[in-house]
Amino acid sequence: MWSFKYRKSFFFVVLLIPIFESYSQDNLQTVVAEKGDGILSLLRKKGVNPYEGYDEFISLNIENLRDSTHLYEGRTYKIPAVLNEKVETTSKDVTGVAYDIFGHKYAEVISQSNRLNGAIYYLVSGHGGPDPGAMTTYAGKAIAEDEYAYDVTLRLAKELLSHGATVYIIVRDLDDGIRDDRILEIDRDEVVYPDKEIPLNQVERLKQRVDVVNELYKKNKGKYQRLIVTHVDSRSKGQNIDVFFYHHEKSKNGKKLAESIHKTFQSKYKKYQPNRTYEGTFEDRSSLYLVKKTHPAMTFIEIGNITNKKDQRRILDYENRQALAKWISEGVLLDYEK
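Quick note on numbering: this note's numbering labels position 54 of the sequence shown as 54, and the sequence is numbered without any gaps.
Check each hint, because a few of them may be wrong.
[Unchecked claim] Below, computed lysine-lysine pairings styled on PhoX-like, alpha-carbon distance capped at 25 Å:
hint : residue 1 : residue 2
1    : K268      : K207
2    : K207      : K196
3    : K141      : K35
4    : K252      : K310
[Said to hold, decoys possible] Pair ranges (Cβ atoms, derived):
hint : residue 1 : residue 2 : range
5    : E197      : T76       : 51 to 61 Å
6    : L200      : G47       : 45 to 55 Å
7    : E337      : Y289      : 40 to 50 Å
8    : K105      : R66       : 24 to 34 Å
9    : K223      : I186      : 30 to 40 Å
10   : E185      : K310      : 20 to 30 Å
11   : E185      : K309      : 39 to 49 Å
12   : H295      : D187      : 23 to 33 Å
13   : Y289      : D175      : 24 to 34 Å
If you are wondering where the hints come from, they were derived from the structure by calculation, not from laboratory data.
Note that the coordinates shown come from a computational prediction; the quantities given were computed from them, not determined experimentally.
Beta carbons are placed, not taken as given, at the ideal position from N, Cα and C, and that holds for glycine.
Could you put together the complete structure from these sequences and hints?
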């Protein structure tokens with residue numbers, strides 16, 4: 001059972017012809033980054049699946065990237081050859097599903113694997129509706145925590161769906177979709193699954209989410225179920241933070257989920273930012289309302305401090321938001337396959 005109100009199947013035919021022979025870096029295709037290029041857009045322009053080629057691109061160009069994720073205009077970058085595939089017509093059908101909630105540009109979800117078949121995930125992004133969460137300004141415009149937490153959550157949902165999971169997006173905005181803007185416009189039209197108005201009172205807002213998750217958990221009793229809550233931190237302006245993961249002290253499965261995602265982030269930092277120590281942790285945080293009251297094993301994720309200028313780079317750049325979602329999903333896969 002899907003959590004989305006609308007979906008439609010589409011069919012197309014492709015033949016993927018990968019270049020598997022060995023190659024040296026000297027023989028790789030190269031491209032010069034132009035103004036406005038990001039890693040994902042650059043890979044798309046060169047005919048490479050941006051989400052499959054992302055990690056390999058960074059590995060090939062790590063010494064030529066700012067903060068391990070940003071291109072320099074005018075510099076030459078190597079394109080991963082093994083992922084540079086030609087696409088031609090054949091008789092083999094590949095099935096995808098389109099979800100309106102992701103927006104027109106990102107609606108289509110193409111299957112990457114069946115690794116999460118049988119797994120159910122409840123995704124809750126922080127705040128929403130009458131509560132925008134932490135607010136600050138960037139380039140003279142107001143930005144709010146809930147919009148960025150929601151964007152990462154949508155990207156994570158799409159990753160999990162592509163591996164065969166059943167996904168319930170609990171806090172929902174039916175007209176935002178996944179957005180690539182730096183400044184995400186603030187609105188107040190979010191609802192809670194399936195279409196419940198979000199209360200003004202803070203405790204009532206949290207209780208509403210707990211009740212919805214627990215009711216779905218009861219409905220899916222006996223199945224593998226996990227909850228992932230995504231927030232943007234808002235501590236003092238002077239403090240930039242790495243991504244943190246919390247779990248309930250009495251939940252072994254919640255601890256394992258948090259630990260699996262945490263280990264994934266450690267390995268990614270070690271690979272792509274070898275000169276920077278990753279300081280994010282996973283720890284018990286049973287005092288948090290959603291951690292304490294929800295029934296599924298869960299992890300509560302803080303993805304950065306929206307009021308800190310350094311962390312804003314991580315949160316406002318859509319490629320960073322995509323990387324966060326992808327790394328979280330890889331940690332989820334690690335947890336499930338254990």
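(request) State, for the Cβ atoms of E185 and K310, whether the hinted interval 20 to 30 Å holds or is violated. (result) 24 Å, holds
(request) Please test the hint of 24 to 34 Å on the beta carbon pair from Y289 and D175. (result) Given about 28 Å between the Cβ atoms, the range holds.
(message) For a C-alpha distance cap of 25 Å, please report whether K268 and K207 respect it.
(response) Violated, at about 35 Å.
(request) Given the hint of 51 to 61 Å, check if E197 and T76 actually sit that far apart at their C-beta atoms. (result) 52 Å, holds
(message) Can you tell me whether the CB distance of K223 to I186 sits inside 30 to 40 Å?
(response) 36 Å, holds
(request) Verify the proposed pairing of K252 with K310, using a straight-line Cα cut of 25 Å. (result) Roughly 34 Å separates the two Cα atoms, so the pair is violated.
(request) With 23 to 33 Å as the target window, see if H295 and D187 comply at their CB atoms. (result) 31 Å, holds
(request) With 40 to 50 Å as the target window, see if E337 and Y289 comply at their CB atoms. (result) At roughly 31 Å between Cβ atoms, Y289 and E337 fall outside 40 to 50 Å, so the hint is violated.
(request) Look at the Cβ atoms of L200 and G47 and judge whether their distance stays inside 45 to 55 Å. (result) 49 Å, holds
(message) Between the alpha carbons of K141 and K35, is the straight-line distance 25 Å or under?
(response) 23 Å, holds
(message) Against the range 24 to 34 Å, how does the distance between the Cβ atoms of K105 and R66 compare: consistent or not?
(response) 26 Å, holds
(message) Please verify whether K207 and K196 have alpha carbons no more than 25 Å apart.
(response) Judged against 25 Å, a Cα distance of about 13 Å means the pair holds.
Hint compliance for this structure: hints 1, 4, 7, 11 are not met, and every other hint is.
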